[in-house]
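Novice: So you can see what is in the structure, the chains are spelled out below.
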Amino acid sequence: MKWIRVAHVHDIPLREGRAVEVLGREIALFNLGDRFVAVENRCPHRGGPLSDGIVSGGMVVCPLHSWKVCLSTGAVNKPQAEACVETYPTRIEDGVVLVQVDPAGPAGYGNQLTMTAMPQTSGPNEAQMSNAVAL
Amino acid sequence: MTERLTVVGNGMAGVACVDEILKHGPKFEITIFGDETQVNYNRILLSSVLAGEKEEDDITLNGLDWYEQRGIGLRLGVRIVDVDARAKTVLGDDGSVTVFDKLLLATGSAPFMPLIKGADKQGVFTFRTLDDTRKLIEIARSGRKAVVIGGGLLGLEAARGLQARGCDVTVVHLMDTLMNAQLDSTGGVYLKERMESLGVRVLTGKRTQAFLGNGTVEGVKFSDGETLSAKIVVIAAGIIPNVELGRKAGLKVNRGIVVNDHMETSDPDIFAVGECVEHRGAVYGLVAPLLEQGKVLAATITGNKGPRYEGTIPASKLKIMGVDVFSAGRVTETEKCEIVRYEDPSLGVYKRLMVKDGKLEGVVLVGDAGDSHRYADWLRSGADLSSRRRSLLFPEPGADRGLDVAAMPDHETVCGCMGVTKAAVIAAIHGKGVNTLTQLKECTRASTGCGSCAHLCEQILKAVAPGFEEDQKKALCTCLPFTQENLRDIIRSQRLTSVQQILEIYGNGHGCEVCKPALSYLVDVIWCGEHEEDRSARFINDRVHANIQRDGTFSVVPRIRGGVTSPDELRRIADVAEKYHVPMVKITGSQRIDLLGVKKSDLPKVWADLGMPSGQAYTKGVRMVKTCVGTDFCRFGTQDSTSAGIELERRLEHLYTPHKVKMAAVGCPRNCAEATVKDIGLIGQEGSWQVVVGGAAGKKVRKADLLITAETTEEALEAAEIFFQYYRENANYLERTYDFIERLGIEKVRKQTVYAPEPARKALLDRLRKSKALAQDAWLERENPVHPTQFVNIQPMEAVIV
Chain A
9 MKWIRVAHVH
19 DIPLREGRAV
29 EVLGREIALF
39 NLGDRFVAVE
49 NRCPHRGGPL
59 SDGIVSGGMV
69 VCPLHSWKVC
79 LSTGAVNKPQ
89 AEACVETYPT
99 RIEDGVVLVQ
109 VDPAGPAGYG
119 NQLTMTAMPQ
129 TSGPNEAQMS
139 NAVAL
Chain B
68 MTERLTVVGN
78 GMAGVACVDE
88 ILKHGPKFEI
98 TIFGDETQVN
108 YNRILLSSVL
118 AGEKEEDDIT
128 LNGLDWYEQR
138 GIGLRLGVRI
148 VDVDARAKTV
158 LGDDGSVTVF
168 DKLLLATGSA
178 PFMPLIKGAD
188 KQGVFTFRTL
198 DDTRKLIEIA
208 RSGRKAVVIG
218 GGLLGLEAAR
228 GLQARGCDVT
238 VVHLMDTLMN
248 AQLDSTGGVY
258 LKERMESLGV
268 RVLTGKRTQA
278 FLGNGTVEGV
288 KFSDGETLSA
298 KIVVIAAGII
308 PNVELGRKAG
318 LKVNRGIVVN
328 DHMETSDPDI
338 FAVGECVEHR
348 GAVYGLVAPL
358 LEQGKVLAAT
368 ITGNKGPRYE
378 GTIPASKLKI
388 MGVDVFSAGR
398 VTETEKCEIV
408 RYEDPSLGVY
418 KRLMVKDGKL
428 EGVVLVGDAG
438 DSHRYADWLR
448 SGADLSSRRR
458 SLLFPEPGAD
468 RGLDVAAMPD
478 HETVCGCMGV
488 TKAAVIAAIH
498 GKGVNTLTQL
508 KECTRASTGC
518 GSCAHLCEQI
528 LKAVAPGFEE
538 DQKKALCTCL
548 PFTQENLRDI
558 IRSQRLTSVQ
568 QILEIYGNGH
578 GCEVCKPALS
588 YLVDVIWCGE
598 HEEDRSARFI
608 NDRVHANIQR
618 DGTFSVVPRI
628 RGGVTSPDEL
638 RRIADVAEKY
648 HVPMVKITGS
658 QRIDLLGVKK
668 SDLPKVWADL
678 GMPSGQAYTK
688 GVRMVKTCVG
698 TDFCRFGTQD
708 STSAGIELER
718 RLEHLYTPHK
728 VKMAAVGCPR
738 NCAEATVKDI
748 GLIGQEGSWQ
758 VVVGGAAGKK
768 VRKADLLITA
778 ETTEEALEAA
788 EIFFQYYREN
798 ANYLERTYDF
808 IERLGIEKVR
818 KQTVYAPEPA
828 RKALLDRLRK
838 SKALAQDAWL
848 ERENPVHPTQ
858 FVNIQPMEAV
868 IV
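Line by line, the protein sequences are chains A and B. Going by our numbering, the first residue of the first sequence is number 9, and it counts up by one from there. Going by our numbering, the first residue of the second sequence is number 68, and it counts up by one from there.
There could be a bad hint or two in this list.
To be verified - Only pairs whose alpha carbons sit at most 27 Å apart, straight line, appear in this in silico BS3-like list of lysine-lysine: (1) B:K541 x A:K86; (2) B:K541 x B:K121; (3) B:K508 x B:K121; (4) B:K315 x B:K169; (5) B:K815 x B:K212; (6) B:K529 x A:K86.
These aren't lab readings, by the way, just hints derived from the structure by calculation.
Let's have the full structure, built from the sequences with the hints guiding it.
Specialist: In structure tokens form, the structure reads like this:
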């Protein structure tokens, strides 16, 4: 396991996320005010960029179809699904956020195998989906 | 033989009392006389009718069928002028003589007319009946000067109503303190400031001497020699009980007809109820006491004498949107009482409790009356407050601003106007299967008075009723238990300018993807762009001003006003598409060019190379205005729709709206740019424009409604702007114009926009212009990003060698 210095604390605005690529993994790093959290930047539903989601307490809402992912455990909270994303420990040192990554770990992503249970239709919330549709 | 009960007075007291009497079974043959020609209506809502917030029909309490079904003889428009107590008859002004066995006097009160010279001039009104209200509505015009004599509850409500109709209003009050019967002097100052911030001028400590003018009122003269011009004068200087019939019947009369605790007068066959009675020296001009009196009287008159009326602690609430005032109990200080006070001048909030021997004696709330029911309950129950001293002025920790209905004691009053307790609401739910607020209103009358307890009623229904259904209005989301309408009031009155503030004070502290964008919109529109922008509360599209696609890339739609472009622009678009390897260039259904598949980090460069403003295709905002070629080239065009469309777009672009706003302008009724299915459409015809609104051609198809026919292009554009701003201010977030219009009805929309009084229209335009002045092309953030990493993917600070 390796601690990697990824960003200044100021690089990530309060209650927002940013994508950062570390050792071939795309990680979504969030500033929750009292702590920074890092999860794999890929929604288990359709691969949406979680770093672009709205933070809701300790969760992030995927911008594509509003799946909710818990930022501490990586578990999908809504819809009730067994999928989850990988989470990474973080710490702060001299105003710099460090993320712990296993250099030898899987370059791929979290628990994709559990995705078999996923619905194949569009997301859970039509109204929210319209957010993403412009025409 | 059934006894004959004759009721004089068809107002709230008389009819409510009859309703109570009927609950004891059919004991009487009932005749009700009313000198107004109306069925029983809710007098306390007349100010809402004057303000245009309610229609006449909305305030009817008992329709004609109510009387018919109960076999009650109703004699409207007949004034009883004499009572013969010995012969047991009443004489009507139509010459009719009616015999009674029992007589109920519910004659109410009349406006008090102070001695002012010239009060008989035309243009001087009182404000007591529906008829008075109609006359005022008739004469109220925008810009017309109105003076209201009297700064009590009624005077202030009348002032606000006239102002809502466009009048230029001044309130003149004899005393130094507004609502001096209900407020202390500091409370009066807070109220005065509040009224003045709404644009109502307030003069206190001013004695009116005469009304000037020749036959018709032209002005008001004060005892200090000053004058004020006025076309309308409303006298609201108080009320005096109508006791004349009581005197004629030989009853004991002081200020009012004297009654005892059983509501009996000095004559065993004559009873009195409501504003015309005096009980233990007190005369009431409020709704709650007369309902309590009615219940007791009903028991007594039907031979079930027993219950006693022991007086009511007066409580009153000002019913003016945005001016919260509540007062209950004693106002003037007594010996050994303690005053507990809180004030915040910048929020305009003032709370003053009077406590004596650990009990609440009186309460005054200005600017925030959210806790009024809690105080009213303490007053009624005489609760011991010694253990609550630290939380007197604020909800107890965890009590969630009094919304926690489970913790509310059963005996606590939910509806102060109608005297309905929590227990009564629950009984209705369980006993009568009540599931909606409408049913609850029918069953218990709760929330049919001033209506301020509707939210509380809903909370109880929600908690208790198994099949609870919300009446149309829905809370924004579970993070924040308020409707968007409530939230607008809260944001405005509490001067909240950031999403996080609102969530922390009124919500669960963190919000979600549903409420955060909605609140972002609300603070923007309410403060005309002078809010604290918080991008973390915005959907990603509004953080980076592009539309996120399924693969996480974005689409870019440059603004091409009216769909009119140039070879140079087209060349730049083509160059950008090549330079950034844009996978798809698409002409959309709305005359737009869409560049799909752009990386977030390329957005600022793409915008710079395009050199065109944002087309707002990614947001709830102003889309490009679709136009036909109008008069320049088309053989059939009758109006220059291209220029009109471009101008419309310029006036509204870069603003945000509850949902996207699609517009079109066409030069003739052939409608080539499909203006009849747009949110706003301009349809040119020979010599005029039709401005249409609320069209749709999406999931559902709806033909737009005609808003107005305008003679000039400028008038048409202005009508569109007025509607646009009205929609911005009143629609729910994510509510399209067609849903908005169906919810409100096009007539109401027309009345409140293009047919509104001039000041109201001007105010809408002013706020639109103010917002517009602060709005800028979002794509300029390419040069001044709101955050250094707004568009970038962060690179780790160290290279890692595996």
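Novice: Run every hint past the structure and note whether it holds.
Specialist: Cross-check of the supplied hints:
Between B:K541 and A:K86, the direct Cα distance comes to roughly 22 Å. Compliance with the 27 Å bound is thereby established for this hinted pair. At most 27 Å may separate the alpha-carbon atoms for a hinted pair to count; B:K541 and B:K121 meet this at roughly 20 Å. Among the hinted pairs, B:K508 with B:K121 is consistent with the structure: their alpha-carbon atoms are about 17 Å apart, no more than 27 Å. With a C-alpha separation of about 16 Å, the suggested pairing of B:K315 with B:K169 holds against the 27 Å cut-off.
Restraint check for B:K815 and B:K212: satisfied, since their Cα atoms lie roughly 25 Å apart, inside the 27 Å limit. At roughly 24 Å between alpha-carbon atoms, B:K529 and A:K86 fall within 27 Å of each other, so this suggested pair holds.
Hint compliance for this structure: no hint is broken.
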